[in-house]
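J.: For the protein sequence lines, the chains are A and B, in the order given.
Just so we're aligned: the first sequence equals residues 1 to 85 in this note's numbering.
Just so we're aligned: the second sequence equals residues 86 to 224 in this note's numbering.
I should point out that these hints are in silico values taken from the structure, not numbers from a laboratory.
Glycine residues also receive a C-beta, built at the ideal position from the N, C-alpha and C atoms.
Treat each hint with caution, since some may be false.
Some, not all, of what chain A presents toward chain B, calculated at C-beta under 7 Å [what the hints assert, rightly or not]:
id : residue
1  : Phe17
2  : Ala30
3  : Met33
4  : Ala52
5  : Arg73
Listed here are the chains, written in short residue letters.
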Amino acid sequence: MWKWIAIALVVLAAAVFTLLSFMAGSPKDAMQMVRYALPYMHRGNLHVGDTAPDVTLVALDGSSRFQLRRELRGRPLVLVFGSFT
Amino acid sequence: MKLYEDYKEHADFLTIYIREAHPIDEWRMKSNEKDKDDVCYVQPKTLEQRVAIANDFTKRFKFALPFGIDDMSNAANDAYAAWPERLYILDEMGRISYKGGNGPFKYDPKEVRAWLAQRFGEVKHGEPATTAALQRASL
Numbered sequence: 001m002w003k004w005i006a007i008a009l010v011v012l013a014a015a016v017f018t019l020l021s022f023m024a025g026s027p028k029d030a031m032q033m034v035r036y037a038l039p040y041m042h043r044g045n046l047h048v049g050d051t052a053p054d055v056t057l058v059a060l061d062g063s064s065r066f067q068l069r070r071e072l073r074g075r076p077l078v079l080v081f082g083s084f085t
Numbered sequence: 086m087k088l089y090e091d092y093k094e095h096a097d098f099l100t101i102y103i104r105e106a107h108p109i110d111e112w113r114m115k116s117n118e119k120d121k122d123d124v125c126y127v128q129p130k131t132l133e134q135r136v137a138i139a140n141d142f143t144k145r146f147k148f149a150l151p152f153g154i155d156d157m158s159n160a161a162n163d164a165y166a167a168w169p170e171r172l173y174i175l176d177e178m179g180r181i182s183y184k185g186g187n188g189p190f191k192y193d194p195k196e197v198r199a200w201l202a203q204r205f206g207e208v209k210h211g212e213p214a215t216t217a218a219l220q221r222a223s224l
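Please construct the entire structure, taking both the sequences and the accompanying hints into account.
T.: Printed below as a string of structure tokens:
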């Protein structure tokens, strides 16, 4: 019984890894995705209606800082999160 | 950029630069290496490195939106579950009115456009808002 469960789990893991490799482009890419992407990619705890958390941001000059909520000026505020790569 | 140009008279925008999604020392993307300007960076280990990449980005694209950089504690990224990319709309009171999905597959500026169009009216030269997007946008 346990032997068949173990075999099934191995087959399932292989199938998942094959699928990830296909999605990512190669087995190496799949490994990198699992290691570097999955830990950071999550839904978070914020929901519509929640008060937006305030955080400190750095300006492009690299030295001055400002609060995210300081950007609220009586109008809707669109936040665009992202990076270069 | 088009969305910003279309609605900047009605809403404020803020771009927040967070940790790199595909640096060459982590999950690198071949497409970045093929880019004509070679978008290849290592994951910044210092704030100075992060600021330098953010400045490269804004200069290369002549990026007009107001810009902030997450510091090395990744506080903004953690608070907003932002990585690798995500869109939000905050209302006038600072409450979350729209929370987009994780990029790249669920990152959808059309939903933001739909939210803004419903609130302020459609802008003719922009992309039209779809019914599905309107339904998904949290209004």
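J.: Alanine 52 of chain A was flagged as interface toward chain B. Is the shortest Cβ-Cβ separation under 7 Å?
T.: With a closest approach of 5 Å, the alanine 52 of chain A hint holds.
J.: Can you verify the interface hint for methionine 33 of chain A: is its Cβ closer than 7 Å to any Cβ in chain B?
T.: holds, 5 Å
J.: Would the hint on arginine 73 of chain A stand, with a C-beta cut-off of 7 Å toward chain B?
T.: holds, 6 Å
J.: Is the interface hint for phenylalanine 17 of chain A satisfied, with its Cβ closer than 7 Å to some Cβ of chain B?
T.: violated, 15 Å
J.: Do the numbers back the hint for alanine 30 of chain A, that is, is its least Cβ distance to chain B under 7 Å?
T.: violated, 10 Å
Violation of the numbered hints given earlier is confined to hints 1 and 2; the remaining hints are satisfied by the structure.
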